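Peer 1: Letter by letter, the chains look like this.
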Amino acid sequence: MKSPVDLWVYLSTSPLIWLTLTLCTWIFASEISRRLDRNPLVNPVLTSILLLSLIMTVFDIPYQQFFQGAQFVHFLLGPATVAIAVPLSRQWERVRRLLLPIAAALLAGSLAAVSSVLLLGALTGLSQEVLISFLPKSATAGVAMAISASLGGNPSLTAVLVILTGIIGALIVTPFMNLMGIRDYAARGFAVGLTSHGIGTARAYEVDETAGLFAGIAMALNAVATSIVVPLAAAWLNG
Amino acid sequence: MLRGLAALLFFQLLGESLVFLTGVPVPGPVVGLVLLFLVLLALRGRWRETVAAVEAAAGALLGNLGLFFVPAGVGVVALWGVVQDEGGAIAAVLVLSAIFTLAVTVWTFLAARRLLGHKDTAA
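Note that the protein sequences, when read in sequence, are chains A and B.
For the first sequence, the tail end lands on 238 under numbering that gives the first Met the number 0, and the numbers increase by one without skipping.
For the second sequence, the tail end lands on 122 under numbering that gives the first Met the number 0, and the numbers increase by one without skipping.
You may find that some hints are simply not true.
[Said to hold, decoys possible] Okay, the calculated beta carbon distance ranges per label pair:
1) B:43 x A:54: 42 to 50 Å
2) B:2 x A:57: 39 to 47 Å
3) A:99 x B:16: 32 to 40 Å
4) A:34 x B:115: 42 to 50 Å
Simulated from the structure, these hints should not be mistaken for lab results.
This structure is a prediction, so every number in the text was calculated from the model and none was measured.
Every residue gets a Cβ at the ideal spot worked out from N, C-alpha and C, and that includes glycine.
Chain A on its own, in the form it takes in the complex (with noise of 0.2 Å):
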């Protein structure tokens, strides 16, 4: 008969235990917002972020051990980016309709979301790792942390400017629209998604459905649009 601390050791080295405890962790998560009314300041991803990382540093796990077993889920961002063309080719008679402001807006807003992060990242002194990881921030994780790793940035600071990015937005565009006097749900809806990618809107979904339809194109086109930006202005920051 083994002990218990031999079963630990035996676990702890194998990727179920991992893999179990992210999905585990993820459906409490996604359990603790759905019964708090979906508020964003407890967002399942942030929430699940700091749980495990709780449990990561409490039991001593490296993370190259942990990521063996999440791996599995890391994986599907890739699918999951792809998918984002069934929502995208069901809405286009929408989108085409209102081509030229959602042209303009998308140009003029991924140009914001990177060159306010330029600016705003050399006033303050960030440095060029960061930075790097900063700029795809506005754009859905999987897309922004690609984006990220291509250029030398660090993929996992990228996953969390990320997700800040989307709960900060998602917390102050109804604030922010109604003291602007905006009642526009197409463009509060647009602005949103892309600022703040599928995190806001899930958000945009709540206040108002056409808000959420408009912030889904917006996450959409802004994956595509800033994987071209952002590389632009990385090679602008290194020449």
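Dock chain B against chain A, hints included.
Peer 2: Structure of chain B alone, referenced to chain A:
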């Protein structure tokens, strides 16, 4: 569902291959997204069963989009030093950039819509 997932992976594979061959600095999955989008538009009304399978798989993945960025997010524990040293600056840039992006996007959208002079009836 399985057919749908295979289709999504196939388009990602196409995207990654194109990026590898051409060297364009765009993530492979984004190229896959664009290719699948074009195919779905071209298919309009045909191959219903396959398209439905793709839609089911896409719905399942997008419904749990948040889960997929948890593993990478946990990696920030390893970067605690960086985040600690530049924490204040990072927080300031995050908030100000989000407000600026929201404002520029919404005002551009409204200005262009006024220029166009037409209303989207459902909005």
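Peer 1: Are the hints correct? Go through all of them and say.
Peer 2: Taking the hints in turn, this is what the structure says about them:
no.	hint	in the structure
1	B:43 x A:54: 42 to 50 Å	holds, 48 Å
2	B:2 x A:57: 39 to 47 Å	holds, 43 Å
3	A:99 x B:16: 32 to 40 Å	holds, 34 Å
4	A:34 x B:115: 42 to 50 Å	holds, 43 Å
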